[in-house]
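All chains should be modelled from the sequences, with the hints used to inform the complete structure.
Protein chains in written order, with my numbering: chain A, 1 to 543; chain B, 1 to 463; chain C, 1 to 170.
Don't read these hints as lab results, they were simulated from the structure. Every residue, glycine too, gets a C-beta built ideally from N, C-alpha and C. Certain hints may be false.
[What the hints assert, rightly or not] Computed Cβ-Cβ distance ranges for the label pairs, DEER-style:
(1) 60(C) x 313(B): 17 to 25 Å
(2) 38(A) x 163(C): 32 to 40 Å
(3) 465(A) x 314(B): 40 to 48 Å
(4) 193(A) x 29(B): 53 to 61 Å
(5) 389(B) x 126(C): 31 to 39 Å
(6) 163(C) x 165(A): 31 to 39 Å
(7) 389(B) x 162(C): 42 to 50 Å
[Unchecked claim] Residues of chain B clear of chain A, computed beta-carbon distances all greater than 12 Å:
(8) 157
(9) 193
(10) 338
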Amino acid sequence: MKVDADVIVIGSGVMGGLVATQLAKAGKSVIIVEAGPRIKRQDIVERFRNSPFKMSLTNMKLQGVGSPYPDLPHVPSTYGDYLQQSGPVKYPTKYLRVVGGTTWHFGSALWRMIPNDFKLQSLYGRGRDWPFGYEELEPWYGKAEQELGVSGMDGQDESGHGGEAWPPRSTPFPMKGLEPSYLFKRLSELLGKGGYNPVMEPNGRATRPYGQRPACAGNNNCNPVCPIAAKYDGSMHIDEAERHGARLLDNSVVYKIEADDSGKISGIWYRKPDGSDHHLTANYFVLAAYGIESPKLLLMSSSERYPRGVANGSDQVGRNLMGHTGISMNVMMNEDVWPGQGPTELLVYLNNRDGDFRKDFPSYKIKVRNTVPTADYAASLIAKGVLGSRLDEQLKLMSARSLNFAIDFETLPLAENRIIPSKNKKDAIGLPVPEIYYSVTDYWHAGKAQGLRDFDNFAQLLNAKISKIDTSYQDRQHIMGTTIMGDNPRDSVVNRHCQSHDHPNLFIAGTSVMPSASCMNPTLTGAALSLRLADYMLKTVKV
Amino acid sequence: MRRYCRSWTMSLILMTGMASATSPDSADKDLIAAGKYLATAADCGACHSSPLQGAPMAGGYGIHSPLGTIYASNITPSKRYGIGDYSEQEFARAVREGIDKHGHHLYPAMPYTAYNKISDKDIHALYRYFMQGVAPVDVAAPQTHLPFPFSIRASMAVWNLLFADDQRFVPATGKSAEVNRGDYLVNALAHCDTCHTPRNFLMAQQNDRAFSGSSLGSWYAPNITPAQNGIGSWSSAELVQYLKTGHIAKAQAAGPMAEAVEHSFQYLSDTDIRAMVAYLRQLPVVNTDSARPRDGFGQASDAEQRLRGQTAETDAGWQVFSGSCANCHQPEGQGNTRYPSLFHNSATGAGQPDNLVAAILFGVQRTVNGESVAMPAFGPDADFANRLSDRQIADVSNYVLKNFGNPAVTVTAERVKKLREGGDTPLLIKLTQPAVLICFAVIIVIAPGIFFIRRKRRLYAAR
Amino acid sequence: MQPDKLSRRRLLKGMAALSVSALCATLFPGRLAAQPVASADFTAVSEFLVSRAVSAVLSKRYYAALAHHHADFPQRLAALADYLRAQRFPHVDDFLQATAMASPLFQTASLIIGSWYTGVVGDGANSELIAYADALMYQPTRGILVVPTYGSGPDSWGNNPDTHPSGRSV
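Dropping the structure here:
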C-alpha cells in the first residue's frame, strides 16, 4: 500500500532534526511535521530588543509578556497561560513550538550523564535504573557532540571531585572550551579555598568557525536567542535534513496518531491554523515533540481499541514527569567581578554530583548566572528614589558585584507527577491544553537543605552579603520521563531502543524517555539517544 | 614483453624518484625551500590544492570561470596522475607558455602569461620543489570539459599569439632594486594583474590600464594604482599590514583576496612585502570612479535613535541591518576593536557595490597566523533562519551605502541575483552562447546561401 | 560636552519661550497658566537631570511619548523647569537633596530620568520602548559590559576589566 513517506517525524526540534537528518542521508523519504512556524533569527532578535520587558529564562518575573517567540492561536506560547497547573508544586516549564524547537532559547549546556546516573536504583535505592549503562551510550555521546558542535575542556572531572578526567571518553571535544571570563576565574580562586572544584560546562557555543557558525562573540544573550548563530539550535539540523531531501510541514499541529488493529501505527492527523484537518501515512513514526506535547499527543490518540491512548499499555505515558527543580541565591560581592562578559553561563560546581549521599539527598549542580539584569536594577533603583550620580554609581556597582547562584536538583520519577490533556480547557484550534501535576518529596527537601549550606559557604568564601534566597521550587525547563524507557512493558513506554513496547513501528526521540534525570541538562543525552535510535531504525529494523 | 619491461622500468624510476624524494642533501634542501617560497609567492596551491580536503598540489579544485568549470591538474610528482615524468624543460614550458608535456594548451586560468616572466633560476628551484618537496598523490584530477567553442584547446594558440609574451622578466633601468624586486613579485609570481587589470573583449588584459581594477565573478578587484580611489590615500605601513594580515582599520581582504593573503602573502618575508608595496606605489596613476578615497565616506548613523521601537513601517534596509548586522557591527555601524567599522571603509565607499554585496552573500573567511576571522554568509549557503533574500540584501546594501558608504552607489535585487550567480557574463561568453552561434551561422552561411539560390533562380527565370 | 549645570544659553532660550507664553497667559487669562513648552526645554531639563548631553532625536521622541502617556506632562515639565530655573542648582544631586521624594517636582524628575534610563515610557501593557542600546542605564558600564545582543568579539573577555580594560586575556 502506498504511504506518504517512509518515516514521519513529529516535531522539528533538535531530536526530530537529528533523526530526520540520519534517515534522509540514508535515502529514506522523511516528512517532518511541526506544529509551529519557521522563524527568522533577525526577527526574534529585533522583537527582543523592541520589547519593553526584557525577559529571559534567567530573569523571569512577568509571566506572559516579553518572549520574542511567536505566540499564535494554534501554538500558544508557554510563556503565557497555556500550561495548566494542578499540583502542589508548579511546573512552569517553557518550551518553544517553532521550527528548531526549544534549543532556540536554551542555554546550550551539553553535558554527558556519568556512569552512576544510569544506576540510581541499584546503587542508591532511589528511582529507576536505565536498561543499559554509560558504556552503551558513550559512542553516541561522541557523535552527538560532533553533530551539535560542542566546545568543552578535555580532562575535567565532571563528577565534581577534582580528580582525574571523568566520565571516560573515546573522543575529545570537537572544539576547545570557551575562555573563562574574569568572573569565573575569580570565583574559582575564592571558592577553591573552600574545596569547591570548578568545572567548566561543555556547551553548544562554537569557539571557532564550525560549519556555518561563527565563534561565540560574547553577545551575552544566549537566552532568549543567539543573534549570530554561534550557539547551536535545532533549526540547523532541520536545514540539513531538508538538504538531504526531507520535507518539512510547518504550522501543522499533529493531534492524533492512529494505530490499526494489528498494533501498527498507520498514520497521523494534523490540523492547520485555519482549522482544516489532514491525514498522512508512513511505515514508521518518530515522536519528537518534547516532554509535554509528546505524551499529550499519545494520550489524545485514544480510540475504542486504545482507550488510554496510543503506546500506553503500561499506563505510564505522561507519568514520571521529572525536572531539575531548584533554588537560588543573590549575593552582593565586596569587589568588582563583572558578570555579563562572554557566554551567559560556564562555571558550575559539582561537589555533590555523585556519591553515596544520593541514598539520602539528590545529586545537584550549583551554577552562577553570567548575566546582568540591568533593566531590573534600573527600575528598582529609580522606584526607590535613587537618581542623579548615585543612580550611575549604583548601576555600576550592582552590575559589577551582584551575583545569582542557582542550584539544579535531580528529581525522581513519580507516577503521580504527570501531564494529561486538560479536560476543560482547549486552545484556539480546539485541542486540549496540557495540565500538569507536579510535586517534590522529602528527598528533594533534603537536597535543598544541603544546597542552602553550600550557599552559606559560598557567601562566606566570597566575602559577599546574601541579598536574597529563593526556595520557591524554581523550574529549569528540563522536561524528562514522560514516556519512560525500560525493559518491562508493564512499567515503561519504550524499550531500550526507544521503540514503543506496544507499537514496533513507533519510536520516541528525546528526553521524555529518560528513566533518571541526573542533575544535568538533558539535551545531549536526548541527542545521543536520538542518534542511536536512528541507527537502530536503519541497521536493525531496516526502515 | 615490452609492456612488462616498461612497467618494470617505471617502477625502478619511481623507486629512484621516491628515494631521491626522501633524502636530499643540504644544498638540495635550501633549493627545495627556495622553491617552496616561490610556490607560495606564486600561490600555486590556491588552485592546485583542493580547499576541501585534498592533499597539497593534488588538483581537483574546480575554478568556476565564466567559460565553465576549469579543474586544476595534479601537479604532485605522481608519475601516473601528476607531473612526475616532466623534465625541467617540460615543467618550464607548462608554467611559462601554458603548454603541457603532451603539447596540449592550458587555459589561461593558469596564469602562464604572468609566470612567463619567471627567471630560469626560479624555475629551477620551483621544479626541484615540486619534484622533491611535494608528496606524490596517485589520484587523477577531473578532466576539464569546456563548452564549444572553448573546448578547442588549440584555439589557445591564436589567443597566445595575440596576447601572450614570451619574455623573461627584465628589471627596469633607473628603478631601485627594491622596486624591481617588487615588480618581479607582483608581475611574475603573485600575478596581481590577472585580477586587478581590466580585460578586453577577448578576455585578455588591458595593460595600458594596468592594475586599475576589474570584476572577478561576484567580487571586484579594486584599483591598486596610486589614484585617489586606489592606494593613493594609503600609507606604505597600511599597505604592508594589509598584505601581511588581510586587514587594517579601513580595509578588509575578502573573497579571492582573503585567499591570497591566507595562502600566500602572510608567508612572504617583510622585505618582499615592502618591495611589492614600493613597486605598487610608483605605478602610473590610472583614475577611475571618483577622486575621493574609497575610505573617505560615511559616519555613524543615528538610525537606531530614530527607528528603535517604532511600530509603524520603518526603513526596510535598517530593519535588516539592525537584526542581522548590528549584532557585530554595532548599532551605529561603528564596529569595535574586533569588527570593522562600516564607515571609512574601502568596501562600502567603493565605486561599485560588488564587494559589499558579495561579503553579505558569501561571508568573509580568513585565517592568518592561526587566527580565524569569520563573517557569516547570509546568501544561498546560509541556513534558512539566517538567510537574506535578494531584496533584503539590496535593501540593507542601500542602507549601508547611503549611511556609511558611497551614497551615489545603489543596488537592485536583480544586481544581487547577478552577483549571487557569479557576476556579469563576459561579452565573449554571451557571443559564444549556442543561440548566438546559431545566429552567426545563419548570417554567415545560410543567408548568403539563400541569396545565391535566389540569384540562381532569378537568372534561371530570366533565361 | 557634559554639562552638569542647566546651561545658561539653553536656559535663556527656554526662558524666552516661557516668557512669551507667560505673557500670553496674562493677555489671555482663559488659557492654562503653564503652557505646553517646546521640547527644547525638555532637552535642557533632561540634560540637567541625567548630567549628560542627550540626543536631540531621542529627546523629541521621549517628549512626545511622555506627553502622549501623561496628559499633564507638559505642565509638569514646565513646573519643574520653572523650579530649576528659580533655584539654580549647580548639579542634579543638589536638586535631589533639596526636594522631597513625595513632591510632584521630584516625581516629574523621576519620570523623566526613568524614561531616559530604561528607554521605556508608560506602564504595564501600555509600555512603549523608545530606546534599547541608547538607554542610559547601560552607560555606567559602557566599555566593560556589552549591551546584550551586541557582541564584543570572539575571545574578548578574560581580563579583569578594572585593571586591563582591553578585555582580552593577557
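Hint by hint, here is what the structure shows:
no. : hint                        : in the structure
1   : 60(C) x 313(B): 17 to 25 Å  : holds, 20 Å
2   : 38(A) x 163(C): 32 to 40 Å  : violated, 47 Å
3   : 465(A) x 314(B): 40 to 48 Å : holds, 45 Å
4   : 193(A) x 29(B): 53 to 61 Å  : holds, 55 Å
5   : 389(B) x 126(C): 31 to 39 Å : holds, 35 Å
6   : 163(C) x 165(A): 31 to 39 Å : holds, 33 Å
7   : 389(B) x 162(C): 42 to 50 Å : holds, 45 Å
8   : 157                         : holds, 44 Å
9   : 193                         : holds, 32 Å
10  : 338                         : violated, 8 Å
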